[in-house]
Amino acid sequence: MKRKTFLRSAAAAASIAAVAALTACGGGGDTGAAAGDGGGGDTISIGFSQVGAESGWRAANTKSIQDTLTAENGFELSFSDAQQKQENQIQAIRSYIAQGMDVIAFSPVVETGWDAVLQEAKNAGIPVILTDRAVDTEDDSLYESFIGSDFVLEGERAGQWVAENFDGQGLKMVELQGTTGSAPAIDRKEGFAKAVEGTDIELIDSQTGDFTRAGGKQVMEGFLNSHDQIDLVFAHNDDMGLGAIEAIEAAGLTPGEDIKIVTIDAVKDGMQALADGKINYIVECNPMLGEDLAEVAKKVVAGEEVEKRIVVEDAEFTQEQAAEALPTREY
Amino acid sequence: MNRILKSRLLWPLVALAALLLACTVRRPDILGITVLDGHLFGAPIDILRNSAPLLLVALGMTLVIATRGIDLSVGATVAIAGAVAMTFIASSPDPGSVGTAVGAVVVALGLCLVLGLWNGFLVSSLGIQPIIATLILMTAGRGVAMLITGGQITTVNSAPFAQLASGFWLGLPVAALIAYGVYGVVALLVRRTALGMLLESVGINPKASRLAGVKARTLTWTVYALSGLFAGLAGLIFASNTMAADANNAGLFIELDAILAVVIGGTALSGGKFNLGGTLVGVLVITTLTLTVTVLGVSPLVTPLFKAIVVVAVTLLQSPRLRATLAGLGRTRPQEVRA
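Chain order of the listed sequences is L and Y. Just so you know, we're using this note's numbering here: the first sequence kicks off at 1 and counts up by one. Just so you know, we're using this note's numbering here: the second sequence kicks off at 1 and counts up by one.
Next up, chain Y with everything else stripped away, as it sits in the complex (with noise of 0.2 Å):
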């Protein structure tokens, strides 16, 4: 019992609990799933489905702040991958292909990779300083992404392209299963070999850990690159759940967005030891309270701050200080009565 009490966990998930809760009480049916034109759908599926680009982001966030680093430019790298996917499908002769779709895929990522491998190079091969080197793409890259699309939101009609946001397959959302499994292949990978480990040595003290023969510069170097990898998919489900891509708009601060899903895991921004298991938990806090937001008519006016009432009451209870602090209070209280 205690240790589920101290785990760092527990508190993200009472906040989900909470708030898939307060749905229910608005609509007690709204957490059910019905089978509709052989797919499943409901608001869990819709909640799999729009975390599904968070997901990707904070995914490969978590293992930057791993290694004591920071990407701040992934929402400009998600706004560059809609960008260029959708220009390219729109120049293509035949956009309604699915070889269209998979070239525009293929090229998207692979600039998005590069993005990723030229933060990594910044940040292990000339030490610039993590949130200086991303910064530069982050300021950047939007610009990068308008001289794409020319100012414009590009529009297409691509049937195999929408199939990444709103296709289904085995009755599950295709974005799901590519956010969800991306995870997995992910968490097996650190969990399972020692590559986990080696990250957080890094991250703990990266002299250290390169004296000891790790391999420090290449790890660092690695996940920059997987980041930016990430955010390219995150960007191609963005852009196909709209089939727009919009340079402005697309990924806005979604950076934060899975800085915060970082921290609400659990995940201490100055590296070392990370959750993964937490991220998860912190993306799908954020995306129920949008829904949240809507199933219980909080007015517009008042949604941020409802968002940072609930962001600022898990971070507090994770606190371990806050909470040092309010078992003292528990237990002074009988020493009074003796007193």
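Pulled out of the complex, with its shape left as it was, chain L reads as follows (with noise of 0.2 Å):
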């Protein structure tokens, strides 16, 4: 109760600070824009809400989101970062529409409880984008798109190239599975196993090592110590298939030779280890998303037609594709 109490008072100071931050924002925005009326084109301001700074994978999300909504390319960004709490989240959107921002955008924390604050915002006729992973609810005009990465493909094209490479060897393969229950998890697994089906591959376990290298770590030691054999490992982000490379090599295997290893995300810490030989192969979940929602929000704001749900390229790199693209790669 105590800590309940306090984490409001904090939140709602945090909050304070961060109005008081849009104020003058907003003051600054107007001016630019009375100015602009002279010169022509008007910035548009737009609020971020971040999940938090959970992975590699979200930093680089955060970077290209900064890097790409600036005062150059016509945006005033208002960014904030909900330390993976939805009660954070929703404050900061509360703040977004009561400053009347053009344009709200978010990465929702978790899939459901959204509508209220959605409504409002709508109310309000402010636009809200999503961006990354997606809401639960019935009434999908609450938002105007959502921009990121289909999970299912990811999952499939992870399983495909596994099926081509490994089919009619009888390999035995172990799944470290995502946070229990987030979309990801659930997609990339289905997406996955639809792309095995049919194939001599045979999925013997299947536990969460909660996207962490600490729980991939954890759960491939317990998979070592009761499977004979394993062959192929999924781990359905970067971070567990790094953990599970420790496991390996301290049972005294090789990763990549031994056990193959695929995995998704394709972050720096990832993209090394594949160039290294120790993960097979990587299905790339793009994080650079700054420029989609740049083009988005400009279309909104302008009132155009925008699409409903945006699936943003991802690319997929073997072992060769992983060393060559690794001097110029950004995250």
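In short, the hints are calculated from the structure, not lab data. We put the beta carbon where it would ideally sit given N, CA and C, even for glycine. Just so you know, not all the hints are guaranteed correct.
Claimed, not checked - Only some residues are given here: those of chain Y computed to face chain L with a beta carbon under 10 Å:
1) Leu36
2) Ala43
3) Phe121
4) Met146
5) Pro300
6) Pro304
7) Lys307
8) Ala308
9) Val310
Said to hold, decoys possible - Beyond 10 Å from chain L on every Cβ pair, some chain Y residues (computed):
10) Ala18
11) Pro93
12) Lys207
13) Val293
Take each chain as given, in its own frame, and dock them per the hints.
So, in structure tokens, the structure goes:
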């Protein structure tokens, strides 16, 4: 109880500070717009609420948004970090509504529970754009567009590569799942299973590693102790795959050779491991959503029609391609 | 026989044995230990190594609880230790050198000691209730860790630092040697000297013990400082395990696991008598539980429920009142026969 109250007052203090900062920004924006009336070209004020800073992927995603929605590109960005709490995110969105932002964008922490606050935004006439993750709502008029990767497709592509390269060898596979109940975990599992259906690859065990390195390592240790033979690991993200590599090495086996590893994300550390031959294949989950977001935001403000679902292009990498791409890769 | 049955440690030990047995039923050779590349390898070794951070945190927690306190900030301290060490190594000119690794350890432990002293100051000198005093660092600590890492997950490559969690010495994992070594030293200190008794007296009645000449304030201060230091050590092992500092997730809820381990071990949260041996068993039960879940192939969806059932069963069996009731039931039956 005490903790709740403390958190609440801390959050309240933070939101007051945020509002104060926004007022300052808004003021600056107004003068900018007023000056712009003479020269032409208004700036678009956009409030963005990020999930948090839980992974390398998220950090790259944040950087992409901050680097694209700049004053030079005609944006006035107010950025807030929800530290993986829906409560914080709803507060941020409310303060953006109160400030009368032109556009609100956010990556929802969880899928459900957004109807009320999105309705408030709609009533205030502020368009909402979702990035990376979707919300689960009956009324899809509550948001303009959802920009993000297709998680099912990512799992499917990983599965296809496995099926093409390893079918017919009777491999035994284990799976490191993402956070139980999260959209990427559910969808990647589904896509992968669909792609390897009908092959002789056998899924012998599947357990959650919570998308973290420590989780991946501990679960893999358990797998190695409880199965005589494991030939293949499918990890729902790079971090768990990296954890599995450590567990495999500790067991005296060679990751990438004795046990093949396939992951999704393609963050820097993962790509490095791929180039080093410790991972066999990575399907990218593209974090560079900034440009798509900028384009959609401009269209929405101009009153143009936008697509309800915009799928971001994902690449995929073999070991050779990773070694080539690594020096020029931004994240 | 009666004495064994009355021991509070009996049921946690039974639970531990049952968990291991369940693993063995599924995989008969799981408890086997083999020699691999000159060190021991196998599930029991994994349990020892994975229990190291929790054992350190629970050890500090036991001492704090013995003085009728509680330390909620250990999880945040774990995150801070990892963040400081990783950032120190990442920003040094020579990340791979032994000197850098030692420097990182010293700086991180130093800071964690200061954090522990801060908690001790709030509790012993300002008289703030322990749960409130340590709550401050619990809520603020992860923010501090985020500040240190700049909101990123800092990853480094440093072979000497990696030894902390992945290394072996005399065939045994370094992490386990550190944790069990610290445990041994503390156990000797509190049980072979009067220190343990003094701690208990502070926990039972701080005022009376102060009037009796026990330096209650210094003792209280010391246990919080130790708790911070041990949590820092746990944080270093944690960070070394993955060679990454994750300010959000490192040591998340470890304070609750530690309190659980202490309670399973038979130390009452009301302070006073404490049981270090029990804490060790509690730590092993919690760590083995994680392995059991994997070996048995419990679905991730019901894993929390499975863990909860085991914990509830252990604590219920430990409850003196429930056991008395059960024993009472056993006794009434023959009377019914006579009637």
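Consistency of the hints with the structure:
no., hint, in the structure
1, Leu36, "holds (5 Å)"
2, Ala43, "holds (4 Å)"
3, Phe121, "violated (20 Å)"
4, Met146, "holds (7 Å)"
5, Pro300, "holds (4 Å)"
6, Pro304, "holds (9 Å)"
7, Lys307, "violated (13 Å)"
8, Ala308, "violated (15 Å)"
9, Val310, "violated (16 Å)"
10, Ala18, "holds (17 Å)"
11, Pro93, "holds (21 Å)"
12, Lys207, "holds (25 Å)"
13, Val293, "violated (8 Å)"
Hint compliance for this structure: hints 3, 7, 8, 9 and 13 are not met, and every other hint is.
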